[in-house]
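Read top to bottom, the protein sequences are chains P and D.
For the first sequence, my numbering begins at 1 and goes up steadily by one.
For the second sequence, my numbering begins at 131 and goes up steadily by one.
I should point out that these hints are in silico values taken from the structure, not numbers from a laboratory.
Careful, some of the hints might be misleading.
Unchecked claim - Listed next, the in silico BS3-like pairs over lysine-lysine satisfying Cα-Cα at most 25 angstroms (straight line):
#: 1; chain 1: D; residue 1: K324; chain 2: P; residue 2: K10
#: 2; chain 1: P; residue 1: K14; chain 2: D; residue 2: K226
#: 3; chain 1: D; residue 1: K323; chain 2: P; residue 2: K9
#: 4; chain 1: D; residue 1: K237; chain 2: P; residue 2: K10
#: 5; chain 1: P; residue 1: K9; chain 2: D; residue 2: K211
#: 6; chain 1: D; residue 1: K221; chain 2: P; residue 2: K14
#: 7; chain 1: P; residue 1: K119; chain 2: D; residue 2: K324
#: 8; chain 1: D; residue 1: K226; chain 2: P; residue 2: K9
#: 9; chain 1: D; residue 1: K226; chain 2: P; residue 2: K10
#: 10; chain 1: D; residue 1: K211; chain 2: D; residue 2: K146
#: 11; chain 1: D; residue 1: K221; chain 2: P; residue 2: K9
#: 12; chain 1: D; residue 1: K323; chain 2: P; residue 2: K14
#: 13; chain 1: P; residue 1: K14; chain 2: D; residue 2: K146
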Amino acid sequence: MKNLSYQQKKLLRKAGIILLGILCFISIVGLIRSITTLHRAGELQPTYVLHGPVIHHPVTVDTITPWMTFDYLNLVFRLPSTYLQNTLAITDAQYPNVTINAYARRHHINRMLLLQNVKQAITSYSAVNK
Amino acid sequence: MSGLAAAILPYILLYKYWALFIITFIASLAIPIPAGTLLVASAAFAAQGYFNIVILIVVVIIANMAGDNLAYWLARYYGRKVLYRVGFIRKILTSKDFTVIEKRIAKRPGLIIFLTRFEVIATLTTNLICGLGKVPYKKFLLYEALGALVDTVFYAMLGYLFGDTWQAIDKLIGNFTLVIFLAVALGVALSWKKLIHHLSQEAV
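Isolated chain P, as found in the complex:
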């Protein structure tokens, strides 16, 4: 930058501004697309149902991701603490304070297969215990 002439620095500055302008335009287009996509999918509305002062959220198995812990899943899906442990034959000593990812890694299980099994187990429980 030291050896650049005034004209070259001016040109570089103009190029930087044009680049910023293009990035700004792209990000605005991306934002508008995100808003319209979410609006069409109905995800821009708060998903709660108010029962007096308490907010209830509908929770579905589609929201389960591998970074979640079994403890968290037991709570949000109102499962007995040993249900997943017994159903999926989980032998980890840290259960339920272990993530699906960590459990799959430690016991050399396919992560996505384990995730599917967890979702199926929860769906089965919910179907029986509505």
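Could you slot chain D onto chain P? The hints should help.
Below, chain D alone, put in the same frame as chain P:
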């Protein structure tokens, strides 16, 4: 959701309020961790019953304030000694333009401190400049506390109200923040000389 946020969320589920405190503290102090995303997620978990939303908000506000204030004092006492050792940073800190910005912020810091609480890199930069420029501590504390309160409640309410669609909302906020950041950067770049001239007049 960014890879970093996905890597940190398990620790929040495992270690709860302690993890949230430490992560928020570090994000305010020095490292641009996506603390906003993590707060939105944690508030969504609170809506599902995993956390208490009031305790969550209090913990995050305390962590934010602790990190911001420590960053301010470290910058105030050690900032110049440490940063002057790095060549290109010393050039920036001793440049005429930076001196003008520093004086302007020291003169009327309120709005800048308040608004920059909403974006992590802006927060870190403002804490540093306020410390280096020795902005009066009472003023810094007042606007920093107000900003931390509004910022925390805003992100927490987003997560709490939108529940399990928090990831979609978080992505939208990320896009929105990017647009604001780029628009401000473009505006500053286009009007740099006029801006510096105006600020140097004000700083006198």
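### Task
Go through the numbered hints given earlier and state which of them the structure violates, listing their numbers in rising order.
4, 5, 7, 10 and 13
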